[in-house]
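Now for the letters of each chain:
Protein chains: 2
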Amino acid sequence: MTTSDVAQDAKKAPAKDPWELPDVSGLVVGVLGGTGDQGRGLAYRLAKAGQQVIIGSRAAERAQAAAGELGLGIEGAGNAECARRSDIVIVAVPWDGHAKTLEGLREELAGKIVVDCVNPLGFDKKGAYALKPEEGSAAEQAAALLPDSRVTAAFHHLSAVLLQDPEIEAIDTDVMVLGEARADTDVVQALAGRIPGMRGVFAGRLRNAHQVESLVANLISVNRRYKAHAGLRVTDV
Amino acid sequence: MTTSDVAQDAKKAPAKDPWELPDVSGLVVGVLGGTGDQGRGLAYRLAKAGQQVIIGSRAAERAQAAAGELGLGIEGAGNAECARRSDIVIVAVPWDGHAKTLEGLREELAGKIVVDCVNPLGFDKKGAYALKPEEGSAAEQAAALLPDSRVTAAFHHLSAVLLQDPEIEAIDTDVMVLGEARADTDVVQALAGRIPGMRGVFAGRLRNAHQVESLVANLISVNRRYKAHAGLRVTDV
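Protein sequence lines correspond, in order, to chains A and B.
If you count the first sequence from 1, position 193 lands on 193 in our numbering, and the numbers rise without skipping.
Every position in the second sequence, counted from 1, becomes a number in our numbering once 237 is added.
Be a bit skeptical, because a hint or two may be false.
Claimed, not checked - Some but not every residue of chain B turned toward chain A, in silico, with C-beta under 8 Å:
1) Leu-307
2) Thr-410
3) Val-438
4) Gly-441
5) Asn-445
6) Asn-455
7) Val-459
8) Arg-462
9) Gly-468
10) Val-471
11) Thr-472
12) Asp-473
To be verified - Below, in silico cross-link-like pairs of lysine-lysine (PhoX-like), each with a Cα-Cα straight-line distance of 20 Å or less:
13) Lys-16(A) to Lys-464(B)
14) Lys-464(B) to Lys-363(B)
15) Lys-132(A) to Lys-100(A)
16) Lys-126(A) to Lys-337(B)
17) Lys-227(A) to Lys-253(B)
18) Lys-125(A) to Lys-16(A)
19) Lys-253(B) to Lys-16(A)
20) Lys-362(B) to Lys-464(B)
21) Lys-369(B) to Lys-132(A)
22) Lys-227(A) to Lys-126(A)
23) Lys-337(B) to Lys-363(B)
No wet-lab data here; the hints were simulated from the structure.
We put the beta carbon where it would ideally sit given N, CA and C, even for glycine.
Generate the whole structure from the sequences, applying the supplied hints.
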């Protein structure tokens, strides 16, 4: 180590504890596509954990109907109102409508943390396979369409069946969280950690989102072979 | 259900138990690229589990030297001899030399189970990122170059540090195994299961290998953030 190395080292802040995450219990969580299975499941789990949740849908009445069924103080609204009233917005729309939905919400989502959990997949007789969005991944497409938002990616590997089953108390899985800014991924990790059994684990930048999104094709194969609702745990962390 | 459905159902064999795997203890395992960290680590663990192992390298002397250091009855040989003498061949060469190495071993690998564990990654200042091989993945490149072999993919997410550490008894991770033929993936799963702590889990066809290979970029981010040697467990199976 040279003298200049020592000088530089002395200036560095001590590494932050990666498990020191912010308190997110007061944040309002919007779920775009909250009437779909994944969206409903996430809304249900987050509300059950004490989070204030607003389900968004293209049609406000459908969102309100889904919210009414779920209970737990969940509200329903049109996508634009959902985005406007929420502090953090989960994107759980079908891949088909992903670009169009986000394009229309650029203003409402400005400055907010957006959590993309969309898995671009195709299906044929042999099962599921990964689609490759032009931007690289659904999350990178979101980042391109929402230059004023803080785009992250998470919640890809959850079983909608388990999420929606009221008999199941804990969801036994880690949630890989991707993003460019630590302040944002820390918030999303903390949000995942609100759900019993779940843990948010930082897993890289958005340029590495494609493989996380498309790994769902592999989990579908696992589920078929083992008649399971597979999730993932990261070991040694 | 219609009558014809019933008739078809009656003809179906009962689903095979996915954990009923063959005895592979008598198979000779070759490790191409066995002088690299990943290859050495796998050779060490498999030999420790009682498997007969041959390390392959471009230079037979280097393979023999590495084998001598590892002990446990491991042998070293040139790549061609290693391939010829082994029943099942793990490909652990650097991505750079992947195509060239396999092209030269087409005859020696004919009829054999080939286990590709190569992760095509690039590195820059921001860390690791996925490369996309023309064929879709390293495993699909292997399948294209070795039309007479039974190509599978597995052992991507292992820490070479943990594999090589003699103080560590069990490797706490699942091994995702991909391939086209169940007879082949069953063998590879059984081989993974020989190593204490490890479990081989079927995780789809080769067309879904890219995301499994490139997920290593994410695990590198995990390792950096948490100062860990991360692996993966599939839950609910």
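A quick look at each hint next to the structure:
Violation of the interface hint for Leu-307(B) is found here, the shortest Cβ-Cβ separation to chain A being roughly 24 Å, above the 8 Å cut-off. Using the Cβ-Cβ criterion of 8 Å, the hint placing Thr-410(B) at the interface with chain A is satisfied: the shortest such distance is roughly 6 Å. Hint on Val-438(B) holds. Least Cβ distance to chain A is approximately 6 Å, under the 8 Å limit. Restraint check, Gly-441(B) versus chain A: the minimum CB separation of about 3 Å is within 8 Å; hint holds.
A hinted interface residue such as Asn-445(B) counts as satisfied when its beta carbon comes closer than 8 Å to some beta carbon of chain A; here the least separation is about 5 Å, so the hint holds. Proximity of Asn-455(B) to chain A holds as hinted, the smallest CB-CB distance being about 4 Å (cut-off 8 Å). Because the smallest distance between the Cβ of Val-459(B) and any Cβ of chain A comes to about 6 Å, under 8 Å, the interface hint for this residue holds. Of the supplied interface hints, the one on Arg-462(B) holds, with its beta-carbon coming within about 5 Å of a beta-carbon of chain A, less than 8 Å.
Against a cut-off of 8 Å between C-beta atoms, the interface hint on Gly-468(B) holds, since the closest Cβ of chain A lies about 4 Å away. Contact between Val-471(B) and chain A, as hinted, is supported at the beta carbon level, the nearest pair being about 5 Å apart and thus within 8 Å. With a least beta-carbon distance of about 4 Å to chain A, the hint placing Thr-472(B) at the interface is held under the 8 Å criterion. At about 4 Å, the closest approach between the beta carbon of Asp-473(B) and any beta carbon in chain A falls short of 8 Å, and the interface hint on this residue holds.
Restraint check for Lys-16(A) and Lys-464(B): the C-alpha separation of about 12 Å stays at or below 20 Å, so the hint holds. For a cut-off of 20 Å, the pair hint linking Lys-464(B) to Lys-363(B) stands: about 17 Å separates their Cα positions. Between the alpha carbons of Lys-132(A) and Lys-100(A) the distance comes to roughly 17 Å, so the proposed pair stays at or under 20 Å and holds. Pair hint Lys-126(A) plus Lys-337(B) does not hold up; C-alpha atoms about 31 Å apart against a cutoff of 20 Å.
Restraint check for Lys-227(A) and Lys-253(B): satisfied, since their Cα atoms lie roughly 12 Å apart, inside the 20 Å limit. For the hint pairing Lys-125(A) with Lys-16(A), the CA-to-CA distance comes to about 48 Å; that exceeds 20 Å, so the pair is violated. Restraint check for Lys-253(B) and Lys-16(A): not satisfied, since their Cα atoms lie roughly 49 Å apart, outside the 20 Å limit. Proposed proximity of Lys-362(B) and Lys-464(B) is supported: the alpha carbons are some 18 Å apart, at most 20 Å.
Between the alpha carbons of Lys-369(B) and Lys-132(A) the distance comes to roughly 11 Å, so the proposed pair stays at or under 20 Å and holds. Straight-line distance between C-alpha atoms of Lys-227(A) and Lys-126(A) comes to about 17 Å, which keeps the hinted pair within the 20 Å bound. Restraint check for Lys-337(B) and Lys-363(B): the C-alpha separation of about 29 Å exceeds 20 Å, so the hint is violated.
In terms of the numbered hints stated before, the structure departs from hints 1, 16, 18, 19, 23, listed from lowest to highest.
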